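So the protein lines, in turn, are chains B and C.
For the first sequence, the working numbering begins at 1 and goes up steadily by one.
For the second sequence, the working numbering begins at 1001 and goes up steadily by one.
Everything labelled a hint here was simulated from the structure, so no lab data went into it.
Errors might be hidden in some of the hints.
[Stated by the list, open to error] Some residues of chain B that are not near chain C, with every Cβ distance over 12 Å (derived):
| # | residue |
| --- | --- |
| 1 | His95 |
| 2 | Arg96 |
| 3 | Ala144 |
| 4 | Val188 |
[Stated by the list, open to error] Interface residues of chain C toward chain B, partial, derived using beta-carbon atoms under 8 Å:
| # | residue |
| --- | --- |
| 5 | Leu1146 |
| 6 | Thr1150 |
| 7 | Tyr1176 |
| 8 | Arg1216 |
| 9 | Thr1375 |
| 10 | Ile1420 |
| 11 | Phe1485 |
| 12 | Tyr1579 |
| 13 | Pro1582 |
Everything numeric in this text was worked out from a predicted model, so none of it was measured.
Glycine is no exception: its CB is placed at the ideal position from the N, C-alpha and C atoms.
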Amino acid sequence: MRDSSEGLGLARPGRDSPGLPSPSERLRPTAFLFLILAALPSAGRALPLWLRLPEGVSSYSGRIDGLFRLILWITGIIFVVVEALLLFFLLRYRHREGRRAHYTHGNNRLEVIWTIIPAVICVVLALLSRRSWAEIKQQMPSDAMQIEIVGEQFAWNIRYSGPDGKLGTADDVVTLNQLHFPVGRPVVATLRSKDVIHSFFLPEFRVKQDAVPGMSTRIWFDAMRVGHWEIACAELCGLGHYRMKGFVTVETPEEFEKWLAEQTAQPGQAASAAQEKQGS
Amino acid sequence: MSTISPGDYAIPEPAFEPAPEHLPGVHPAPTSFWRKYIFSLDHKVIGKQYMFYALLMLVVGGLLAVLVRWQLAWPGKPIGFMGKLFPEGMPNGQMLPEFYNSLFTMHATIMIFFAIMPILIGAFGNFVVPIQIGARDMAFPTLNMLSFWTAVPAAVLIIWSFFVTGGAAQSGWTSYVPLAIVQTRGQTLWALSLLILGLSSLLTSVNFITTIINMRAPGMTFFRLPLTVWALFITAILLLLALPVLSGALIMMIFDRVLGTTFFLPAGLVVSGQPWRNAGGGQALLWQHLFWFFGHPEVYIMILPAMGITSEVLPVFSRKPIFGYRAMAYSMLGIAGLGFIVWGHHMFQSGMNPLLGTTFMISTMVIAVPSAIKTFNWLGTLWGGNIRFTTPMLNAVSFVAMFVIGGLSGIFMASTPVDIFIHDTYFIVGHIHYVLFGGSLFGAFAGLYFWYPKMFGRLMNETWGRIHWAITFVTFNCVFFPMHFLGMRGMQRRIYDYSQYTHLKGLQPMNQFMTVSVFVLGAAQVILVINFFLSMRRGRIAGPNPWRSNTLEWQTSSPPPHENFTGQVPTVYRGPYEYSAPERSDDHWPQNEPPPGVGTAAGAHG
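Next up, chain B with everything else stripped away, as it sits in the complex:
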């Protein structure tokens, strides 16, 4: 997240070029441009909060943010060029008495160029996205902690394996709206819903997955540091959609074990209530 220039390959100022005949003069504007491009991401940190992505705390949030920034750069440049051309043409070719418009029906070479360039950009973006997508949504880590998350109007039931280390047994721990997990170890969550579609959204973790009734969907995430965050519902689920909020606590493995043991010792009201509906 912090090292935002990493994924872009843009920040490489001051390339030395010994063999060129008139090096410094011709390269100065280019180097200058590279310097600006390199400086911009760090300048981004000085931007007001609302112009930035939220902090990223999962191990793949940096990759998603990198892709976001890459697309922001590409579309940003296209945007500036196209809008500048538009404005320039509007000013340059505005009506003047006695002028006659240039009579042309088009240019096939230009058509080919502006078909191929966007096509190449889009295919490259698709290829770059494909790998991250597969790693985030398709390939589940093997040594992960398994939990189950069941959405209902308007709460998140989160089920942990109890002392026996297995999910779906009698000693499971169920909490309401409390997601705890240890730092550094991936979590694989099975998402379900009792009633309508909800969407499990952890903004800072760059996690979003719908919880669909009648379906089980597996996702994984992890945290790179300890802290407190929130679960949001991102899919309209009824009148209480806006307050379907949960809490995320990432702690050290020891703290987590301690917390889990406390839950096992005295399961709260919500937990036992949710346990009754184990069959869902």
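Once you've looked at the hints, dock chain C against the given chain B.
Only chain C this time, still in chain B's reference frame:
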């Protein structure tokens, strides 16, 4: 590329032309008030009826949006008089969450189905297409009348749903199940209304396709069609193929709600602690697949006609042929074809197999290409032109400028990993408004100012038109551009009170700025309404061709006579955008003007 030499085809025999009321495909001019203004068969009257219908619904949809924005700027702050209008949804003027859900659901439904589609397809399509192709009316005038009068009860039903117990539909315009099935009664009215409206659109699309294929004037080959006609032709095909899927899904939804079927309801559904009465065997994601199989072509149904209008207006006011006519037509065909294989990009986070997500990402990236081609061709059209900034032109250029933003922001959500974060956030809301308001609505404004003189015989006031455009353009961006920032902060869409969340703290000032901008944006539309009605009486007399345009609708009087062209229908000799041709001193060259040495003046001018 679309010019031809005079010898390219045979000039039709000057045939005996019967009186207009006996012409094939032309109904006699009506005399009674009812047949002339209410149950009219005349495509021009029906076009105007659609226009009033759409503008009225545009106002309704806009007011709903203002209420949504009010809640977002000042959550929970009461509006006294609204308590009287909606005692159930806004007791003492304070908005309830379920009423808020109704507001954005109905805002989107009304804008999409009852404002944008009727103004682009119903109003401009009906009014312009038959005259532009040199026909005397649509192929099926009675069917055309039925289309409009089917759309009216649909609108009545959707407005009425606000006042039934439990209020209007509140599960979003996408009405994802099971939420839409466990909802209040308004949802059934919503589905019924769209079912009826779908029938109306289906009739219209059949009519357009038949008309464009069969009723073109002599010499009007497909590649001499104005791009508006191309756009509406492709739109009609999209409607014909996509709408029945929505209708089928709506019928299933109504059955699930009313008759106890379980198309969309999986087993074990527990709602508010009670097992749902009819659950088992259904699939919740089936609705999303069906809805978006319709819904994505629908997006193009709403943007293609606006692209057509823009392609019409830019050459006229640049005094240049459109750049790459065939590329424009083919790219629209490409958009239409690809539009049917990208629906899954709305479902990346839905639980659909992630592998499918990859294929939909690739097809989605590919569909960006024809849109890019169109944008570059519009730029090419402006290049080297002799540009006049009339109100239609200002709005058409705004279409191009804003569509670029809407198109580019689409790349973000096409990338599956990026979509994980921005899906269902305000980033998406920003994107769709840049396409539908910045795109479709600016296109509609361009068309309105452009064809108004043809419709009513008088020009709209140019100064007030410019003021309306300037305020709309600036405030539009003030309202919708910050939505991208909200989305980047992770602000979910359809959320009644964002102050609940830590990650959304500090967003209220921006939301207030957007809401204040909405007030100005809404107020600016009053200028348009006043200009629209005052100009009917007070506007400058337009004459047949105020813009010195080439296409056939400008080669007849304004407004055109009942049978569109007095005397014979015109014969077409060239493409629609022959502006500033070097062999002529005049910078326009009407499609029906015989080349030197061919024929006589017969049928050339009405």
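Here is how each hint holds up against the structure:
1. His95: violated (5 Å)
2. Arg96: violated (7 Å)
3. Ala144: B:Ala144 is indeed farther than 12 Å from all Cβ atoms of chain C, at 17 Å.
4. Val188: holds (14 Å)
5. Leu1146: Violated. Min distance 35 Å.
6. Thr1150: violated (30 Å)
7. Tyr1176: holds (6 Å)
8. Arg1216: violated (21 Å)
9. Thr1375: holds (7 Å)
10. Ile1420: Holds. Min distance 5 Å.
11. Phe1485: holds (5 Å)
12. Tyr1579: holds (6 Å)
13. Pro1582: Since chain B brings a Cβ to about 6 Å from C:Pro1582, closer than 8 Å, the hint holds.
Checked against the numbered hints given earlier, this structure breaks hints 1, 2, 5, 6 and 8; the rest are met.
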